[in-house]
Amino acid sequence: MASIEEIIRRVYKALEDEEFQEALWKASLGSEVRVPRILQNYEYIRELAREVTEARKKSIDRLDELIEELKDSARKTGVKLFLADTAEDAREYIGGIIGKGKLVVLSKSMVAEEIGLREYLEEKGNEVWETDLGQLLIQLEGSKPMHTIAPAVHMTVERAARLVREKLGLEIPDNPRPEDIVAEVRRFLREKFTNADYGISGANAIAADTAAVVLVENEGNIRLVTGLPPSHIIVAGMEKIVETLELAVKQAMVQAAYASIYPPTYINIIAGPSSTADIEHTRVYGAHGPREVHLVLVDNGRMKARETPLRDQLRCIRCGRCQWECPVWRHTANIWGGPTYGGPMGINWTGITLGVEEAGPLTLLCLQCRRCDVVCPVEIPISRIIHWLRRQYMDRLLLS
Amino acid sequence: MVLNVREILLLMAEETEKNGIPLPINPRVITEWAEGLGLPEKGDTLLYTGGLYQLMPYINALVKYLEVLESRPSGGFLLKAARKLGLTGLAGAIAKPDRREVEYSHKVLRAIVKLLQSAGVEFAYNPSADGYSGVLLYDMGLDNVFRRHAVRVYESLKKAGARRIITIDPHTTFIMEKVYPEYVKGFDIEVVNYLRLLREKGYKPSGNGGRVVIHDPCLYARELGIIEEPRKLLADAGYEILEPRRSGRMTYCCGGPVESIAPRLSRKIASMRARELSEKGRRVVTLCPICLANLSRAGEKLEINDISLYLSGEA
Ligand code: SF4
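Line by line, the protein sequences give chains A and B.
Numbering follows our numbering, with no gaps: position 66 of the first sequence is 374.
Numbering follows our numbering, with no gaps: position 273 of the second sequence is 605.
Think of the hints as simulated: they come from the structure by calculation, not from any bench.
In this text, all values refer to a predicted model and were calculated from it rather than measured experimentally.
Glycine residues also receive a C-beta, built at the ideal position from the N, C-alpha and C atoms.
Don't take each hint at face value.
Stated by the list, open to error - Capping the alpha-carbon separation at 30 Å, the derived lysine-lysine pairs in DSBU-like fashion look like this:
id, chain 1, residue 1, chain 2, residue 2
1, B, 510, A, 366
2, B, 510, A, 365
3, B, 564, A, 334
4, A, 321, B, 396
5, A, 334, B, 612
6, A, 321, B, 633
7, A, 612, B, 510
As the list claims (entries may be wrong) - Now the in silico label distances, taken between C-beta atoms and shown as ranges:
id, chain 1, residue 1, chain 2, residue 2, range
8, A, 372, B, 532, 46 to 54 Å
9, A, 334, B, 572, 29 to 37 Å
10, A, 341, B, 490, 47 to 55 Å
11, B, 476, A, 682, 29 to 37 Å
12, A, 704, B, 564, 44 to 52 Å
13, B, 438, A, 616, 53 to 61 Å
14, A, 317, B, 635, 43 to 51 Å
15, B, 538, A, 615, 22 to 30 Å
16, B, 438, A, 341, 36 to 44 Å
17, A, 464, B, 607, 29 to 37 Å
18, B, 490, A, 616, 30 to 38 Å
19, B, 488, A, 616, 30 to 38 Å
20, A, 407, B, 607, 50 to 58 Å
21, A, 466, B, 514, 45 to 53 Å
Start from the sequences, fold in the hints, and give me the full structure.
Next comes the structure, spelled out in structure tokens:
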């Protein structure tokens, strides 16, 4: 557990890193203007956000029932469902499916980060590649994602070029442009996609009625991760379940808009393994897409969080807007907010997944300025929850 | 070196329990501004300052002291020693605030009194019922200390016969209006912010005119919805209002709330905001003593004054 003094020390180090500060500042200014513009250009988004907020509240209330319903639909669509109580359970289950000596491609998933999946699979002797460009840079740097949607937001193009040159041996010219890096990485990853034994993705939303998962993206890597390898494993938090596929798609649209990527280039819906019945009406699985689809739902503190004010945080759709808008986060990125998640939402997610002890000291750097509360698309009282965590923590700190 | 946070919080908690304010200073600093003004002491509407304006010079002195500690390798230890032994370093630093800042806070309070009087508001000021509201304790999550303190504040207000109190800054307004009812059983005092009150009275202030940049405080903007009132008052007083890039509901924090825990971070946020304000103009209006202190500390060449001074033609 990091003490408050240790947290401040890390923050101060970030304040002194000029490259870091500059990259972060540029990126956050962009987001601040883009989201309002999207909301203005696509008027229905606000309406959708309200609908999604209500749907999220309801699904958190009904989570136990929805899980039962999902079990049923998974059986019908041929999705292999596993409920993992802890991070460890989830890791071991997935490790059991994959075994060792395999090639695995990953698309960015915060829950995979939360349970330490990549490192675990690597330790077991697998070759594992992140395929989201930002997340790949994080993998190469050996750090943690600095934003929910834009993991490498703190990197300048020079820093990124240095990394892929040194770690992957790719040829990037001097005075690199982002295009140079993208092209080389694309070529490098192509071969991984086609030869991968397993593709692992997260999920933006999971529909209880159909066991379909919805995934939004711009890069196109998710299509490949979930489409090319013979097996697809989805790992997601239990709170991601909503009642219907209709709501799941809407939720993904809202997430994309508030993450300032609208329209998103791709919205993927995946309901079970690929199959064909074109020859003599016999169903054969694994036509062009995966032959098997696993859905691993992770609890890791979520169900229990429903009994505290953290409950409201569970309806988070991980758009990352509260991070861009936070005056502290703008100087620290996810260096502040917890070991996996970061910023305002990160503190609360740390509370959910690791407990008050771990989240408590983080809360002391929150300004309680409430910008996060007013920009959250699903109306989570983020700063109020942080204050609640702070009060729990203070009780213990001053007694100790 | 970073500060020993627990020590700072313990200092605040202990001092508040001991003498009602979060710092080791004489509680008279809260009420001395009213001496000689001849304000009535009895009435059912009381001016309740909450003490934040008055405490700021002392908090500034503390922050300055903490910044020095922070720059030393043994700062955290010194702080612990200072609290345990009541060492003169800490108490001495806080006890010697910048006199100009003290006078400034008195000027603000007197300007507010004058505005209320000119608007025809009937109110009393009872020094024994005025005092610190406990905002920092609540903010920092020191729940039990805060609750005990709030009950004491409520009792002394009741004893003074308060049915309604007039508050003058965002933090005190928020805490009295929204938090006290949650923490103090049977809390039945009506809370009204003075800017709202001036508007309700239809008061038209007169100022010196010119263009001013407005910096909304977070709590007025996002918690209490006091956004239009200051603008109308300033416009009535003859000022042209310039809006910074982030204003109104989306206003940006001055960094003040973390000033005593991570002074360097606080300063960084303040200078970011100060720069943003300076892009629109040099004359800045603040509505909160913490914003005033923190933005002034940020070092931009700004002329920052409290709204009350603009409205009374003193800025
Ligand atoms: S808390 Fe709200 S704003 Fe922050 S990531 Fe979650 S949904 Fe987005």
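How the hints compare with the structure:
With a CA separation close to 28 Å, the supplied pair residue 510 of chain B and residue 366 of chain A stays within the 30 Å bound. The suggested pairing of residue 510 of chain B with residue 365 of chain A holds, with an alpha-carbon distance near 25 Å, which does not exceed 30 Å. Annotation: proposed proximity of residue 564 of chain B to residue 334 of chain A is violated, straight-line Cα distance about 35 Å (limit 30 Å). With a C-alpha separation of about 21 Å, the suggested pairing of residue 321 of chain A with residue 396 of chain B holds against the 30 Å cut-off.
The straight-line distance between the Cα atoms of residue 334 of chain A and residue 612 of chain B is roughly 20 Å, inside the 30 Å bound, and the hint therefore holds. With a C-alpha separation of about 28 Å, the suggested pairing of residue 321 of chain A with residue 633 of chain B holds against the 30 Å cut-off. In summary, the hint linking residue 612 of chain A to residue 510 of chain B is supported, as the alpha carbons are separated by about 29 Å, within the 30 Å threshold. Here the CB-CB span from residue 372 of chain A to residue 532 of chain B is close to 51 Å, well matched to the stated 46 to 54 Å.
For residue 334 of chain A and residue 572 of chain B, the Cβ-Cβ distance of about 32 Å falls inside the hinted range of 29 to 37 Å, so the restraint holds. Taking the beta carbon of each, residue 341 of chain A and residue 490 of chain B are about 50 Å apart, inside 47 to 55 Å as hinted. Range check, residue 476 of chain B to residue 682 of chain A: about 30 Å between beta-carbon atoms, so the 29 to 37 Å window is met. Between residue 704 of chain A and residue 564 of chain B the beta carbons are some 46 Å apart, a value that agrees with the proposed interval 44 to 52 Å.
The hint said 53 to 61 Å for the Cβ distance between residue 438 of chain B and residue 616 of chain A, and at roughly 45 Å that hint is violated. Between residue 317 of chain A and residue 635 of chain B the Cβ separation comes to about 36 Å, which falls outside the hinted range of 43 to 51 Å. For residue 538 of chain B paired with residue 615 of chain A, a C-beta distance near 57 Å fails the hint of 22 to 30 Å. Between residue 438 of chain B and residue 341 of chain A the C-beta distance comes to about 43 Å, which sits within the given range of 36 to 44 Å.
In this structure the supplied range 29 to 37 Å is violated for residue 464 of chain A paired with residue 607 of chain B, their Cβ-Cβ distance being about 22 Å. In this structure the hint that residue 490 of chain B and residue 616 of chain A lie 30 to 38 Å apart at CB holds, the actual value being about 34 Å. Between residue 488 of chain B and residue 616 of chain A the beta carbon distance is about 35 Å. The supplied range of 30 to 38 Å therefore holds. Taking the beta carbon of each, residue 407 of chain A and residue 607 of chain B are about 56 Å apart, inside 50 to 58 Å as hinted.
The hint said 45 to 53 Å for the Cβ distance between residue 466 of chain A and residue 514 of chain B, and at roughly 52 Å that hint holds.
Checked against the numbered hints above, the structure breaks hints 3, 13, 14, 15, 17 and satisfies the rest.
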